[in-house]
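**Q** Each chain, letter by letter, is given below.
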Amino acid sequence: MLLNTKNIYKSYNGVPILKGINLTVNEGDVISIIGKSGSGKTTLLRCLNLLVEPDNGQIFFLDEEITHKKANINKIRENMGMVFQSFNLFNNLNVLENCTLALQTVLKLPKEKAIERALYYLEKVGMKEFKNNNPNNLSGGQQQRVAIARALCMEPKLMLFDEPTSALDPLLIDEVLSVIKGLANEGMTMIIVTHEMKFAYDISTKIIFMHEGIIAESGTPQDIFFSPIKKETQDFVKLIKSQSFI
Amino acid sequence: MFIILSNSFFNKIAYLLENYYSIILYGLGITFLLSIVGTVGGFILSLSLTEIRLLKVDKKRDNRSVKMLKRSSLFVSNSYVTLMRGTPMIVQSMIIYYGIAGLKIFPWWNPLTAGLIIVTFNTTAYISEILRGGVESINVGQMEAGRTLGLTKRQTMRKIIWPQAIKNSLPAIGNEFVVNLKDTSVLSVISVVDLFFAVKQAAGKTYAYVEAFTIAAVIYLILTVSANFFIKHLERKVGQVQV
Numbered sequence: 000m001l002l003n004t005k006n007i008y009k010s011y012n013g014v015p016i017l018k019g020i021n022l023t024v025n026e027g028d029v030i031s032i033i034g035k036s037g038s039g040k041t042t043l044l045r046c047l048n049l050l051v052e053p054d055n056g057q058i059f060f061l062d063e064e065i066t067h068k069k070a071n072i073n074k075i076r077e078n079m080g081m082v083f084q085s086f087n088l089f090n091n092l093n094v095l096e097n098c099t100l101a102l103q104t105v106l107k108l109p110k111e112k113a114i115e116r117a118l119y120y121l122e123k124v125g126m127k128e129f130k131n132n133n134p135n136n137l138s139g140g141q142q143q144r145v146a147i148a149r150a151l152c153m154e155p156k157l158m159l160f161d162e163p164t165s166a167l168d169p170l171l172i173d174e175v176l177s178v179i180k181g182l183a184n185e186g187m188t189m190i191i192v193t194h195e196m197k198f199a200y201d202i203s204t205k206i207i208f209m210h211e212g213i214i215a216e217s218g219t220p221q222d223i224f225f226s227p228i229k230k231e232t233q234d235f236v237k238l239i240k241s242q243s244f245i
Numbered sequence: 000m001f002i003i004l005s006n007s008f009f010n011k012i013a014y015l016l017e018n019y020y021s022i023i024l025y026g027l028g029i030t031f032l033l034s035i036v037g038t039v040g041g042f043i044l045s046l047s048l049t050e051i052r053l054l055k056v057d058k059k060r061d062n063r064s065v066k067m068l069k070r071s072s073l074f075v076s077n078s079y080v081t082l083m084r085g086t087p088m089i090v091q092s093m094i095i096y097y098g099i100a101g102l103k104i105f106p107w108w109n110p111l112t113a114g115l116i117i118v119t120f121n122t123t124a125y126i127s128e129i130l131r132g133g134v135e136s137i138n139v140g141q142m143e144a145g146r147t148l149g150l151t152k153r154q155t156m157r158k159i160i161w162p163q164a165i166k167n168s169l170p171a172i173g174n175e176f177v178v179n180l181k182d183t184s185v186l187s188v189i190s191v192v193d194l195f196f197a198v199k200q201a202a203g204k205t206y207a208y209v210e211a212f213t214i215a216a217v218i219y220l221i222l223t224v225s226a227n228f229f230i231k232h233l234e235r236k237v238g239q240v241q242v
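Sequence order for the protein chains is Z and R.
FYI, numbering that gives the first Met the number 0 numbers position 19 of the first sequence as 18, with every residue one higher than the one before it.
FYI, numbering that gives the first Met the number 0 numbers position 212 of the second sequence as 211, with every residue one higher than the one before it.
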């Protein structure tokens, strides 16, 4: 068991967003979190690496309680990569420096080693030739691929994707999805919040359907998309199918 | 020492320049020195001041003494900025210069030293306000990206946030320099021999007030216009401002 949450609660200004989340992630899992906007998907994902501090409940990662107030958050985050909806590449650094910064600052790798590793992962996402570019001169899809490489450089045990294609031009979505698919095939453990249902169906080992702050239903892609049990899930799937995403 | 002056405006200006150029040049040098030291010194001090003002109390992870320390630092640093920005520099000059002179413990205390300190402390407060805005204007995603890679808050600030915030703040900091070129004239109230004070002396001796201060106006204008030109050049060189 890689990650485990117990009864996560979170509210903003008295409005409950997460109402008791229990989630287990095993090594090799590819978990997609789906659901309507406002159901708490992104908040849940951001709780997992403590970008959002849960009000209540516990999170265990690599057998350590990371919600404990003495836990070393920085150390924990080294093993948990995150890819954001809006890429968040460092604007004052070029592509290569974006990837080497944490390797040199956090892992204290010597410069040559850091560059070597960064180039390896940039090549993997097909961005090696852009290593000297400024992030602002890249398309959204290219920026997101660099952001994925940057996270991979830390060689994390778990990758979190927060709607990685939501900010992209439809024509650029596929290049990012195929990179993520490649990672899934290599056995990377990941949690993906997404609105790309076909993609979620194709790559996930498990789908989590969230509704109003709770995990309404979870199961294999087959279960969720073809024999959902709960009414909310059925409605959601029906809606998606009517839009012919699957 | 009465001197019969020519009646013509330009002749008086020529006379002033001829006879008082050395003190005017000296005053110009002091004005320049005050502005440079004030802006550069203020910028350096404001980096630390702004770091303190940006402290955040972590309710869960800070222990009680850290919380206390952070809260009192925040109070002191914010009060400093309010005080410096909320009172005129001319009033600050009087209090600091005569206050410290009255203590009679620093034999080296003189108007110029006081002036340099006052303009630096004053500019620190203004630039700190500029930098705070600069840091807060950087997208929160930059900090989040740094933190998720395992960088500490301090590392992310130093490597990611500050470089962008300073770059974006350069035009406003340059503007502080231009403001200082003009506003250091208030230091003449404690007898700092800056451009204003020098010209006033020349004027007092010749009674050619309009002519003398016309010279001052032209010199100030040349200073500010060339400073603006230099700042524009610097901005272009540093590159396009990005948010």
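Mixed in with the good hints, there may be bad ones.
[To be verified] Partner residues are not named here, just some residues of chain R that face chain Z (Cβ under 8 Å, in silico): (1) Lys59; (2) Arg146; (3) Leu148; (4) Gln154.
Derived by calculation from the structure, the hints in this document are not laboratory data.
Remember, predicted model here, so these are calculated numbers, not experimental data.
The beta-carbon is built from N, C-alpha and C at its ideal position, and this holds for glycine as well.
**Q** Hints first: check each against the structure and report whether it holds.
**A** Verification of the hints:
no. : hint   : verdict
1   : Lys59  : 5 Å, holds
2   : Arg146 : 7 Å, holds
3   : Leu148 : 4 Å, holds
4   : Gln154 : 5 Å, holds
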